[in-house]
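Visitor: Now for the letters of each chain:
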Amino acid sequence: MKVEIDTRSIWVLLAIKALRPLFFILVAIGFWAVTTMEPAEGLTPSGQRAIGIFLLCLVLWVSNMVPVAITSLLAIVLVPLLGIVPKSETYALFGNEAVFFILGAFILAGAVMHSGLSNRIALVMMRRYGHSPRRLLVSIFLLAAVLSFFMSEHAVAAMLLPIALDISKALGLRPGRSNYGKLLFFALAWGSVIGGVATFLGGARVPLALGILEETTDSTIGFIEYTVAVFPLVVVLLIVGYLVLTRIFPVDIPDVAKAMGVIEKRAKGLGKLRYSEYAVGTVMLLTIVAWSTLGHTIGLSTVSLIAVAVLFVFRLVRWKNIEEYVNWGIILMYGGAIILGSALDKSGAARWIVESAISDWATTPWAVFAVFSFLAIALTESMSNAAVIAVLVPVSIGMSDNLGLDPALLTYAIAVPAGLAFMLPMSTPANAIAVSSGYVTVKDMVKGGFIMFVTAWIVFNLVAAFYWPLIGLGGLGR
Amino acid sequence: MSTTGYFDNPWALKIDLMLRGVRVVDPLAKAWACGTTGIDMLLPEETLVNIPCREEFTEHSPYELRRRGECHYITDGTEEAAAEILPVPEFYSRKTTTGVPFGDIAVVHGSYTVITPSPKCDFFDTDSACRYCTIIPDGTGEPKRDFTVEEVLEAVGAVLKEGLSKIIYLSVGFTDGDDGGIEFLEPYIRAIKKHHSCLVAVEALPPKKNRWIDRTYALGADSILYNMGIYDPELFEVICPGRAELVGRQRYLDALKYAVGIFPNGTVASHLIVGLEPPGSTRIGIDCLTKMGVVPILPIYRPRPGRALRIEPLTTEIIIPVFKHLYTTVKKSGVNFKWVRDISMVTTPAEASMLMEGAAGELTPLKNFYSSRFGLKAAWGLSTIRRKLRVKNTEA
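Those sequence lines, one after another, are chains A and B. Using the numbering used here, the letters of the first sequence map in sequence onto residues 665 to 1142. Using the numbering used here, the letters of the second sequence map in sequence onto residues 34 to 429.
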């Protein structure tokens, strides 16, 4: 047991301790006030209560005073308790496809990591392409991005962390001082973040947005359709990210011979490609093909769960190996968010918010798209990206009706920027991992992250304006 | 051998009795004192004192303990003061489930019950031993074993059930290590805190690393004592050669200073033994410790045959000003001395206040509160809350 004694004044400590109960008392009073006050014009009583729950969840998600999953559970409890949606219907919403898609994706990613395949790919790529400081940097950057196409960006960052640490040590890079050290960990973090928005698999954000979209409208977005729409953004951000990083932190080492030794040693330690790696790799490839070709007909979650079943039928993984990779908190959080979105929609609250709060100034589709994408990219810097989706998507869907917009377009406007968090360690675990290494400081991250924040928002809007019409994703110009 | 005026002030009488001891004629009192370090008595104004009565020097004491009917009194032949012999704790006669007499484990000294879970001290029977140490190996040659946590817990349960003491005082001898004995005491402190709502004071050696002081507090110690014994640097080296060499006087001062920042105000204490160094040196020690925020506690040296360490002349007239200085210095410094309760073996700053003219009336209501059941509960509750606020477990 290692202990630390806080020697600040006892009154300061008491005041800090009192903040939490005070916060919850204020939140409870606020919630009570919102749900019991006279409904505003055009708002139904159940809509009023739905807004109360929405605001409560918003405050709890943003403040992080309780785990996000617990906030979602609270929403699940309050929606039927306040009579917004019947109990049976509420709990049935938890069985949304998106929840099972996320579960399947977690298990598949866990299988890939557990088999050692992802580690092998990383080492092989670095050994093959990383023979100079710049090439090694690009290798890590692209590797993090490409791996995040297929598995959670958080998992990719965590997987690459020990490799990057070993390389840094081998090169004698000084934490907090070495530019190359910073570059390595930025490459790991930003590569994961940028790659994470390329497909449905980089994070659970897009499936969640899709779940809310499908639950409240007839629209949907296909696996390939999404990737095709977002890919140019990913490419541009990877290029800009590399240029920004190497300008702010110029490479300060002449060669990486020592790092190659480490990579070589690690790669040799893996031995030859094992049966389980072959098999898991094959299942993963087939799953991606199935998502692309059969996703629309049998559903993404069905494909995921079939792939999961195959993994277990052929004993490629065991449940106890997979359990640690499944983030049950996120699954609970998504279920709650979908229920909350549905409650806002069914009670008419989402439409009322749009009509009364946003419709006056957001009169053109472009303005709405730009504002929602900005809100998403700004909010994701300080709150969970899934929470951003849960808060913004139901409102945006209500707005799309008013403007005659395809709700899928506004779902893009939120789901994609919500994954692009560059500025702060608390924005996403990938950034936190980079800062935790000791090589990247928060100041470094804010400095480079701000440029990326602005660039990402502008590029995303440009892609939507000029590229999307070419692939048939029009509608903003109407 | 004047005893002039001491019968008027029981606190002054306490000091004089501790210095000179008492001759015991009464067989009942003799039986009480048998096998103990002294006889615990209650003088007027609830003045608790442990009076030496078996040591050689007490044979020349002007004081005698006598009995009149059912009551005892102390007299010098001309004056007398009522003296109530504290009843022998009932639990002393009982044993743990493993057969160890509770009296071997726990010894009541007023508000404090002293428990030394291990009889070992690496200095025993070596040239490094503190010259004034009164612990004598039993001579059987058989190594004594440590008391188990369960045995100590049973003893604490018995003490608290009988309502004799409010604070459990755990002490440990010297063992060479970084931790000052805390690693050994850890399971005892944890167990006592887990099973009983009582305050725990710990007497240990200053650890080499401050993190052990943090840990002592985190474990549940409500008070810590690193007993220097002697402030004078040269005398410290001569009288405590082992501690001087393996711990170092400066480490005592550093550890006490650090502990003051960790433990609540008034709960870090150190003994300075009156009579082993010139009174002026004790005064300087009081000033130094008090300036750091440490509560100095002054026991009086009890000479043993063949260990003539006492400075001479040593009289109550000479040492009472030292106790007065203790009170005025501690009071002026703002160190909270009120939680250091009545201990029969020593004189605390709160007791020293009773030597000051006019101070007694000022302190009595406070003393009553601090020593009351409610005061104890308040102390325990505040101590627990404070610990919960301050301690952060950074690693399991």
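A portion of the hints provided could be inaccurate.
As the list claims (entries may be wrong) - Only part of the chain A face toward chain B is listed, based on derived beta-carbon distances under 8 Å:
1. D670
2. T671
3. I674
4. K681
5. L683
6. L686
7. E987
8. V990
By construction, these hints were calculated from the structure, which means they are not laboratory data. Note that beta-carbon positions come from the ideal geometry of N, C-alpha and C, so glycine has one too.
Visitor: Each hint: holds or not?
Guide: Verification of the hints:
1. Because the beta carbon of D670 of chain A sits about 5 Å from the nearest beta carbon in chain B, less than 8 Å, this interface hint is met.
2. Interface hint status for T671 of chain A: upheld, as the beta-carbon distance to the closest one in chain B is roughly 5 Å, under 8 Å.
3. Restraint check, I674 of chain A versus chain B: the minimum CB separation of about 6 Å is within 8 Å; hint holds.
4. The beta carbon of K681 of chain A is positioned within 8 Å of a beta carbon in chain B (closest approach about 6 Å), and the interface hint is therefore held.
5. Hint status for L683 of chain A: violated, given a least beta-carbon distance of 13 Å to chain B, over 8 Å.
6. Hint status for L686 of chain A relative to chain B: violated, with the closest Cβ pair at about 16 Å, above 8 Å.
7. For E987 of chain A, the interface hint is violated, the least distance from its beta-carbon to any beta-carbon of chain B being 21 Å, above 8 Å.
8. This hint is violated: V990 of chain A has a C-beta 24 Å from the nearest C-beta of chain B, more than the 8 Å allowed.
The structure does not agree with the numbered hints 5, 6, 7, 8 stated previously, though it agrees with the rest.
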